[in-house]
Amino acid sequence: MRSRWAPPRDRVRPDVLLRLAVRTFSEVCLTAGTLIVLFVVYVLVWTGVKADRAADGEMARLRDSWAAAAPPTAPAAPAAAPAPAPAPAPAEPRYPAGRAFAEMYIPRFGPDWVRPVLEGTDPELLKKGLGHYPATARLGAVGNFSVAGHRRTYGDPFKDFPRLRPGDQVILKDAGTRYTYTIRGGPLRTLPTDVAVVEPVPPKSPFTAPGRYLTLTTCDPEWGHSHRLVVWAELTGTRPAAEGGPEGSSR
Amino acid sequence: MYGWIWRHLPGNAWVRALISLVLVLAVVFVLFQYVFPWAEPLLPFNDVTVDEGSGATP
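Protein chains in written order, with this note's numbering: chain A, 1216 to 1466; chain B, 135 to 192.
Because the hints were derived from the structure by calculation, they are not lab data.
On a predicted model such as this, the values are computed, not experimentally measured, just so you know.
Just to be clear, a hint being listed does not mean it is correct.
Stretches of chain A that chain B covers, calculated by requiring three or more beta carbons in the stretch to come under 8 Å of a beta carbon on chain B [as the list claims (entries may be wrong)]:
1) 1382-1395
2) 1435-1441
Short derived list, chain B residues pointing at chain A, Cβ under 7 Å [to be verified]:
3) 138
4) 144
5) 166
6) 168
From the three backbone atoms N, C-alpha and C, an ideal C-beta is built for every residue, glycine too.
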């Protein structure tokens, strides 16, 4: 005769079973909740940490390549004035895909705001910085130099995009030249399929004739993807990068 | 579940606590390194281009 204090394994008391079920269920709930919180931390914080690190790496590589490629324009000899020398190539070769080729400064986003611009708009590239639409014009060239960037996550580069106003400056610096674009139109809310916004003369922009334009795009509901925000700018000045500039960004 | 793991860890309570901590950190590492990067593109924050970059221009 079996004692009551050691029930056989195949005859577990129902209250024990119930306790096991409730405990397992609550453990699963706790685990799921923890997972969700961790994922939110990942999206909000960790992607930013990763993006900042990647952007810093891209910028360091970019500056190294500039220093290696253009010793005559080194800041050590600003008065040597080889100013017309670093003119952009007249032919229009593409930038190397997947590589950073310029830095962007937008004073409206703050004096410390600077991001590398990479060639291509793949999601993988946009994790490291801003992406140049490969089929659009080169920096400073006639046409529409178009750039996409994250509004949220991955460092939130274009978080303050709606604060851009006509008259704001967008400054781009490549190996030899510093291009200042001035915003003329936007921010305009449009649909993701509206590819005309990056055309050489975008239909909805204030521009009517061919020129040296710039387009920035990002997603519109801050955390969504149903629309896009667009601003258009026009080239208003170039000067040798070594001179620096008074626009508020010393670099 | 967690009770089962705890009972199957070797050593006394301190050793088990240490192993548990290591296990938790390992799980978090795997999540951040592999699982979340896979899951994140399923969210809409990556769509910042017009026409997803395919023939975005004339």
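Quick rundown of the hints versus the structure:
Three residues within the 8 Å Cβ limit are the bar, and the stretch 1382-1395 of chain A against chain B gives 0, so the coverage statement is violated. Against chain B, the stretch 1435-1441 of chain A contributes 3 residues with a C-beta closer than 8 Å to a partner C-beta. That satisfies the three-residue criterion, and the hint holds. Among the interface hints, the one on residue 138 (chain B) is violated; its C-beta lies about 10 Å from the nearest C-beta in chain A, farther than the 7 Å criterion. Because the closest C-beta pair between residue 144 (chain B) and chain A is about 22 Å apart, greater than 7 Å, the hint is violated.
Here the hint on residue 166 (chain B) is kept, as its CB sits about 6 Å from the closest CB of chain A, short of 7 Å. For the restraint placing residue 168 (chain B) at the interface with chain A, the shortest Cβ-Cβ distance is roughly 12 Å, beyond the 7 Å limit, so the hint is violated.
Of the numbered hints stated above, those contradicted by the structure are hints 1, 3, 4, 6, listed in ascending order.
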